[in-house]
Each structure stands twice: as structure tokens, then as C-alpha cells.
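S.K.: Protein chains in written order, with our numbering: chain R, 1 to 499; chain P, 500 to 832.
Rather than coming from a laboratory, the hints here were simulated on the basis of the structure.
By construction, the Cβ of each residue, glycine as well, lies at the ideal position given by its N, Cα and C atoms.
Hints may contain errors.
[Unchecked claim] Footprint (simulated), chain P over chain R, 3 or more residues, beta carbon under 8 Å: (1) 137-147; (2) 179-188; (3) 196-209; (4) 407-414; (5) 446-455.
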Amino acid sequence: MLEAIVAGLAALATPQAVLFMLVGVSYGLVIGILPGLGGIVALALLLPFTYGHELAATLALLLGAHIATIWGGSVTSILFKVPGAAKSLALVFDGHPMTRQGHAARALGASATAALLGGLMGAVFLAFTIPIVRPVMLALGPSEYLMMALWGLTIIATFSEGSLLKGLVATCLGIMVAFVGMDPVSGTPRFWFGNVYLLDGISFPVAMIGLFAVAEMMTLYVKGGAMVDRVSGEQRSTVLDGVKDAFRHWGLVLRSSLLGLWVGVLPGVGASVGGIAAYAQAAQTSPTPERFGKGAVEGVIAPDATLGANEGGGLMPTLAFGIPGGESMAILLVAFLAMGIVPGPRMLTSELDLVFSMVWIVVIANLLTALIGLAISSRLARLPALNPNVMIPLVLSVCLLGAFATRGLIEDVVVAAAFGVIGYLMNKYQYSRANFVIGMVLAEMIERNLHISLGLYGEFFLFTRPITTAMLVFIVVTTALPFVRRYRRSRASAAGNGS
Amino acid sequence: MRARLPCLLLIFLATAAGGGAADAASVRGEIVTLLSPNSAGGMMTRYARMIAPYIARHAGARDVRVRIMTGGGGIRGANALWFAEPDGRTIAFTSVTTLILSQLAGSEAVRFDATRFVYLGRAATEPRVLTVGAGSGIMSVRDARALGRPFVFPSQGTDEDFYSMAVLADVMGIPLKVISGYDGNADTALAVIKGDGDGHITGWSASQAVIEAGDEVPILTLGPERYPDYPDVPTALELVDGASLEAVQAIVNMLDMRRGFFGPPDLDPEATAELRAAIGAALGDPQLVADSVAQGLPLLPSPGEAEQIKIAQITEASQHLVPMLRAALEAIR
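For reference, chain R alone in the conformation it holds in the complex (with noise of 0.2 Å):
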């Protein structure tokens, strides 16, 4: 195995291999950074130009873009509340409000230094987990992953302060909006009003457009004045911080490197829902969950280092089954299949270079997003105190050509330009554009999930299978846990007026 190791980064160390690594990682941040793309644009761009060159090098170049488009989507939407991509929703929740309060630089330490984290660790355990994941992937199935997405759901009390049933008719409207186009299960069209655009759905990057970027963009205009008050260079905290913090943090930043190689590893259970899981788990496991949605640091960390940690766990299926992890792996798929790669059990022992190729590749992109990353926090930090003049005018046409970008179709930048008004009254009438979001993507998972555990197991599943029911006892116990907790506060504050 240390000869695989050795010879693994040995492939890497040609100046075409170094070069496509750096062109990679440049690259990926830069469509990161762009709204609506994501990973799956910078690898579908790229395949064209990978035939012909070193096997180790080109796919630096693809891994290594893919990447880096991880922290460029976290940047947007921690200083403009702008995801990047799906992924990177969760990142809004206490990245933005961050930005807000001058620690716009905190929360990009932060941000690239959880993300390499837990990178770091989906890249060890890449290396050393082989023998075991197998197991793993046969042991969970559909009722697993329903439980993951219902986790993900009890997060909607964390956006309900004030009005629990606002926070429900947020999230209500939200799963509705995603019942739109065609049916998971059976292909019947529901609420299409014979229009065939909408058969496909509302696009979910395209709505996170609207009902975040446009929206704040509407409320600056009619507020006045920049989105952060204080003037660029008056930042309250440094990027250092950040980077203490992700340290500070280590048992989250672990357990959502594990949560975020789960996800990876489990074909059918997107990212988008791995970054909500684990803003749960860590709003659900703080001490004071009441700081969250409000510029909690844990709530930047824990989705990056998620997100970090997912592409780890994504390569393994890939590798191992010759099954994509994902969307992007699905692509990579084709890119080794005309490289000449077979993935499959093979690949784990007669090509076992070419694994710890990849599990380099994965440690030194992640290495360079984050220290070119760290490098240009602070110039980046100073963006959102730009005069408003500037600012929603080159804020909006980045977006809704990001709307467009996304498949192509101008009725795409009129779905954006409406979500924009929906997110501008919701968050005037105090209604969790969160919540919003969070139906909206979990409901299809939930939806597909319930409907094939109930077809393979039977209506009592939840009984009969014994993962499912200790992950649903997980979740019970996890959400009930900040109630408990304020009650015993409550109680103990009671007691202490009384004596």
C-alpha cells in the first residue's frame, strides 16, 4: 500500500499534472463563485478538453476544478446571499447574517478552513476506509435515507423564532412549489397548467436566485444604503479568527466530515441535503441553538466542512461499484470511461496507484482552495460595503444570467425575477425564506423515499428496520434536545429568581 501512496503523488509531480491542478482550482472558483453553476457545469465545461493528456493530470484538472467550486459557491453566499449552487443554501443561514455584522472575513476563514478539514478527512478516509464501505452502502437503503431528509426537516423550528406557524406555511410553500412538474414516482404531471416549461419543475439554484439574491438586492434598494454599514477595511474580526474557529470547533468540524462522507458515499442522497443535515445536527447539538440563523460561526463550519468532506466519500461508489456518489461523479464516470478506467472492485487492487492519485489530488486542491482562499478573504470581505449603486445593478445581472446560465431557458430568469418579489414579501412579512427552501429541497427526497420504503418493506418499516428505527429515535432525541434543554434553563432561571 505505501508503494501505491509513494507512486500515486509520483504522478502527480509532472509540471503538466502541477499545471492542470492550478488552471483546475482557479477555474473551479471562479464558477463557484458564479450563481447557478456548480460543480456539474465545471466538470461537464471541462470534458471536451481532457482527451489526450497525462491520465494523473487531467484529472487534476477535473478533480481539482470540481473542487474548488465547493468554496467558490460557500464565498457568494456568505457576503451576498447569493448559493453558489444548491449545495451551498445552507451557508446563507448565519454566513450572511456574519457578513452583516463586519465578520464578513471571519466567516471566509472560517468557511476555507473547515471545507479543507473536512477534505482533508474524505480524503484519509478515501484511502483507508476501502475495505469497509462496501458493507456500509449494502447495509442502508431507501428508509435510511428518508430519515436523513426527515432530519433535515427538523431543522424549520431553528427559522420558526417568533411563529412556529409561519415557519410551517413557509415550509408548506416550499414543498408545493417542488410538487411542480412531473411526479417522481409515476411521471404524472401536477400543477403544469398545460405549460410544458413547467413539466420539468421549478429549478431549485434558479428559485434560491430569486428568493435570495434578487430579493435582498429589492430590500437594499428600498432600504438605501450598502448592505453592510460599516465602511470597507472596518472589519470586526480577521480571517485568522475564522481559521481559530474552525479549530476551536474541531469535534463539529468531525462530525460533520463524517456526516458529509455519508452522504457522499450514498447514492440518492444529494449534497444539498448533506449541507442542511449538517447546519442541523449542528444547531441541534450547541449548547445555545438560539444563536443560530442570527451569525453563528458553527453554522458556517459545519456545512463547509460537509461539503468538504463529501466529495471524499462521493469517489468511493464511483471507484468501487462503478456507481456515481452523485451528479458530478456521474461525469467523472465518463471522463475515466474514456480515459480507459474501469471502475469497479478493481480499481481497489490492481489500480490502486491510480486511487491514491486521487486521494492526492483531493488533499492538494483542497490545499490550494484554501490558501488561495484565505489569501483574498479579506479583499473579498470589503464587497459588500460597496455603494448600492454598483452593487444591485452588477449583483443582479451576475444573478439572472446565472438563472439563465443554469439550463439555458429565459423562462428561467422570469421564474428568478418572480421568486425575487415572493422572497422580498416574505421577508418583509417575516415569513423564514429558509424554511422556504428547506421543503423545497428535502420534499422530493422525501417524497421518492417513503414511496419505495413502503413498496419494499411494507407500512410498518419503520419498526422492522433496525437502522431506521435507531436514526429515528436519533432524530426524536436530537430535536427534542434544545427544547429539554430551554426548559431546564427556563426551570433553573425560575429557581434562581425564586430563591
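Since the structure of chain R is already known, use the hints to place chain P on it.
M.R.: Just chain P, lined up with the frame of chain R:
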């Protein structure tokens, strides 16, 4: 406003002049729009982009421009082609199988009659295969029939594999339980490997890794002939006869037409001949063949005339097929 009016008039006249030129049927020197009703990064669009410049070269067209028009699982693009001028300047490239099945199954969004499109040539196809889990104990269609319980078929939804399996189960007497809602081929493959499902239908290349690893076993090929790599695996056509053979032949024809070029109904005969010749020549161009190998996009061309004959056979068999497809759809609804 006054200043704008002459400009608008000019644009209108220019457009009208362009429209007038459409009467000429040849595509030589013209710009041809190639609709790709599939996603920008998807396999189908990659094929379209790879082949388009060669069609332009062999047709003498000024350019063949790929226009992505996603929506409704390819239906939006096909609807657009249905209403396009039959002058050869708008053609499409997509999974013909999906279009025909959408129509036969009575999809509400379909505005076209797929049997009336003019087929210009097939670029590629590969046989689809019914594979079962290695631990399922099933080694043949006979085993699947004699399970003593329904054959559990994990499916993505109402795609071509779902419809193909519904027809196969019907004509071969296999009791079937479809569990639909899986998220793509990876998800159905894992369900079969785990034993949640008995078997699924997939493309031959996609199944290669799991078959070689011993996780899945192929029991049936849905192609016109046995696949050379697995000579012991029978084709569905070998196992049926009479009216059942007609239905299976129609399904095999549809699957065999997968990545194809086609034009609007009543496409001008001169443009049809030109485009069929150009597409045939493009797909035989040694440079394109080398590109396709380098990009991992294998070609398996078939002339437009042959594809048109398959369409006629499908139309003939549709009387038997339609009730089966609609019953399968009703069953999962």
C-alpha cells in the same frame, strides 16, 4: 418612437425576406439549427456538438448550430420541431426511443406524432440488457418466471426501461412488481446489488463494471442480436413468437433508434435527401470516427431510410403495445 419605427420595419422586411428564402429546399450555404432537447453537459448534447461541424462540412451548409432546448424530458424540443418549417433548416437529435414511448403512453404534454417525423440517420446505439443481482438466484428468464412471487423491478420512473420491462413481463408471463422513484441508474443498480430488487434494465456499457465484478448477471439482451462479449445471453426476440414477437420487435426497434437525427413532418424531399446523405457521410468521416474514439462517444451509424422502416414497424405494432404501456402506467399510478 418615430426613430424606432423604420428600424422595426427593416427588421420585419429582413425577416420576411429570410422567410421567403425558406422556399428553397437545399441547405447548402444555409445555417441549420440542430435542436438538442437534452441538458448542456449531457451525453446526447456532447454527441450533437461533436457531429454538427461534420454535417455542416458534408452538407455544404454555412453552419450547423446546436441549440439546447430542454424541457419535459425532451418533449419541449420535439414539440418545437413538430411546428418547425419543413425546409431542412431545423432538425433535432435526441433519444428517439423516449419520444415514441412518451407518445404511445399518452403523455399529456406531447403535441407531436413521432411516427410522422422524418428520420435522417442514427448516430449511435447500444443494446440494453436485463441484469439481475448475483445473489438473487435468478439465472434466466425461466427462473424469473418461476419465482413464486413477483419479480421486483426498481425503476427511475416512467422511462424507456420501465416501459420495456412492462412489455417483456407481459409477453413472457413474468409477474412484475415495479418499485419506481429511484434516482437514476446508480440507485437502481445498488438496489439490485443489495437485493432490494431482483433486476433492472440498463445500457450495456453502464452495466459492464458491475457484471465484470460479479455483482450482477445479464439474463436478457434487448437488441437485434446477441452481444459478442456475452454470446450465451439470449435476446428477447429469441424467447417469444407470434403477436408477442411483434410487440418485442417494436420495443427492440425503438431502443435501437436511440441517438438519432430527425426532421419535422413533411420535410422537403430534396432537403431530406441532402441531410440523409450528409449525416451518413459525416458519420463515416475518418476524422469524426477518430474524435469519437478519443472522446469516448462510440458511433454505430444507421441510414435514415432504415430508421424510417423501423418507425413503420413500430406504428404497425402500436395496436398491441399501447394497451400494455398504458396498463403499466396505470399500475404504478
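S.K.: Against which earlier hints does the structure fall short, listed by number upward?
M.R.: none
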